[in-house]
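Asker: Could you put the whole structure together from the sequences, leaning on the hints where they help?
Take the position in the sequence shown, starting the count at 1, then add 123; the result is the number in the working numbering.
It is worth saying that the hints were derived from the structure and are not from the lab. Treat the hints with care, as some may be off.
To be verified - With beta-carbon atoms standing in for the labels, derived distance ranges: (1) K250 with S270: 28 to 34 Å; (2) A220 with D157: 31 to 37 Å; (3) W413 with E440: 37 to 43 Å; (4) K250 with A308: 57 to 63 Å.
Said to hold, decoys possible - Below, simulated EDC-like cross-link-like pairs (lysine to aspartate or glutamate); rule was C-alpha separation at most 20 Å, straight line: (5) K274 with D255; (6) K470 with D415; (7) K388 with E440; (8) K337 with E291; (9) K143 with E174; (10) K405 with D275; (11) K337 with E260; (12) K388 with E428; (13) K405 with E166; (14) K388 with D314; (15) K337 with D415; (16) K337 with D321; (17) K388 with D321; (18) K239 with E249; (19) K378 with E317; (20) K405 with E284; (21) K388 with D411; (22) K207 with E234.
The beta carbon of each residue, even a glycine, is placed where N, CA and C say it ideally should be.
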Amino acid sequence: MALVTCNIITAMIEIGEHAKADALLQTMDVLQIDDPDILVQKEKNRASLQEHHGRIGETAATLRAALLIAQEHTLAPMQADLHKALRDLALKQSDLAGYVEHNNEYSRITEEINGKEATLKMAMQEKQREIDAKDREHQKHMAVLHSTLPKDIADRVARGETVNDHHENAAVIFLDIVGFTQLSASMSSQDVIELLDDVFSQCDAICKQHNVTKIKTIGDSYMCVAFDSVINAAHVAMEMMNITLNEALNEALAKALVKEKVLIKFRIGIHCGPVTAGVLGKERMQYDVWGDTVNVASRMESTSEPGRIHISEALNEALNKALENALNEAHIVPRGTMDIKGKGMMKTYWLESL
124 MALVTCNIIT
134 AMIEIGEHAK
144 ADALLQTMDV
154 LQIDDPDILV
164 QKEKNRASLQ
174 EHHGRIGETA
184 ATLRAALLIA
194 QEHTLAPMQA
204 DLHKALRDLA
214 LKQSDLAGYV
224 EHNNEYSRIT
234 EEINGKEATL
244 KMAMQEKQRE
254 IDAKDREHQK
264 HMAVLHSTLP
274 KDIADRVARG
284 ETVNDHHENA
294 AVIFLDIVGF
304 TQLSASMSSQ
314 DVIELLDDVF
324 SQCDAICKQH
334 NVTKIKTIGD
344 SYMCVAFDSV
354 INAAHVAMEM
364 MNITLNEALN
374 EALAKALVKE
384 KVLIKFRIGI
394 HCGPVTAGVL
404 GKERMQYDVW
414 GDTVNVASRM
424 ESTSEPGRIH
434 ISEALNEALN
444 KALENALNEA
454 HIVPRGTMDI
464 KGKGMMKTYW
474 LESL
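Answerer: Rendered as structure tokens:
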């Protein structure tokens with residue numbers, strides 16, 4: 124309340140309403156004011172009114188009293204303002220000694236304030252540079268994490284979480300380029316890299332579209348996992364198989380081959396079941412999945428045939444339990460009983476597009 128009243132008095136003086144300012148100042152004099160800033164401002168207003176009324180002696184005394192309050196509470200900006208006011212008053216009175224005294228003090232305090240402000244500004248700028256540098260380093264760190272880990276996993280790692288998740292029914296997909304070793308022998312190293320980059324970039328895009336997580340590539344093999352939906356896994360596998368029908372890809376392959384001309388073909392295998400997923404390493408982090416489900420999915424791929432999607436009985440049952448018409452563009456064909464390494468005899472199936 125006192126601060127508001129003081130500001131109103133200041134405004135009244137500035138617009139020439141001195142009588143009203145006098146009356147309002149009298150109401151302030153009966154108030155208990157403990158804030159030194161408000162006390163000094165009140166006395167400055169009093170001095171302005173005294174000077175207006177021609178009471179110069181009282182004006183100087185009031186300004187000096189206000190200066191003592193400002194000095195007692197080390198209010199440097201207010202001390203500077205009061206020395207300036209006393210300097211100007213001394214000039215009007217032709218008081219050279221008073222003018223020099225207060226002008227020197229005004230200059231000294233102003234320089235100190237400016238010096239402190241400059242030092243503070245430099246310190247703040249240096250701190251901001253440190254913050255910006257840390258932010259750039261963090262952005263680089265996040266860019267590296269996002270380039271090597273799935274985004275949601277990278278964000279968890281950045282928050283300091285330990286990623287060690289269990290998924291009860293994840294669908295693991297393996298894709299392999301058929302005869303790639305022989306195929307690459309007829310191509311330049313640059314063409315081999317460009318072929319793999321083209322194929323795996325298309326696989327990445329398909330996974331992203333269907334919320335399936337890419338795990339890794341090993342040579343000419345691609346591994347991904349659908350943690351939440353076997354239907355998504357089936358969609359991804361069928362769309363990946365269609366990559367081999369890409370005319371531009373096959374034309375590029377035909378130009379790259381030095382010897383025989385062949386079409387690129389994939390083998391794909393899928394199995395679903397429990398897996399553990401987590402991040403390994405500190406310097407070169409890798410997100411991976413483990414469990415017998417991964418091993419069986421790998422066996423489904425290795426025992427598949429070129430151009431076909433080989434699935435386990437567990438995945439067949441999971442797909443049959445899925446929502447009706449969710450896979451109306453595909454059908455499942457029994458393959459028979461297969462001897463799967465490490466598992467013995469297993470019923471397996473072909474997943475085929477209509």
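Asker: Between the alpha carbons of K239 and E249, is the straight-line distance 20 Å or under?
Answerer: Between K239 and E249 the Cα gap is close to 15 Å, so the pair holds against 20 Å.
Asker: Are K405 and E284 close enough, with their CA atoms no more than 20 Å apart?
Answerer: Holds. K405 to E284 sits at ~13 Å (cutoff 20 Å).
Asker: 28 to 34 Å was suggested as the range; check whether the CB atoms of K250 and S270 agree with it.
Answerer: Distance hint for K250, S270 holds at roughly 30 Å.
Asker: Assess, step by step, whether the Cα of K337 is no farther than 20 Å from the Cα of D415, and give holds or violated.
Answerer: holds (19 Å)
Asker: Using the Cβ atoms, figure out if W413 sits within 37 to 43 Å of E440.
Answerer: 23 Å Cβ-Cβ, so the 37 to 43 Å window is violated.
Asker: Check the hint pairing K337 with E260 against an upper bound of 20 Å on the C-alpha distance.
Answerer: violated (26 Å)
Asker: Between K470 and D415, is the straight-line Cα distance small enough, at 20 Å or below?
Answerer: holds (17 Å)
Asker: Between the alpha carbons of K274 and D255, is the straight-line distance 20 Å or under?
Answerer: violated (23 Å)
Asker: Is the hinted pair K388 and D314 satisfied, with a Cα-Cα distance of at most 20 Å?
Answerer: holds (17 Å)
Asker: Does K388 pair with D321 here, judged by a C-alpha cut-off of 20 Å?
Answerer: holds (14 Å)
Asker: Given the proposed pairing of K207 with E234, does the C-alpha separation stay at or below 20 Å?
Answerer: Distance of about 13 Å is within 20 Å: holds.
Asker: Determine whether the Cβ-Cβ distance between K250 and A308 falls within the hinted range of 57 to 63 Å.
Answerer: holds (59 Å)
Of the numbered hints listed earlier, those contradicted by the structure are 3, 5, 7, 11, 13, 21.
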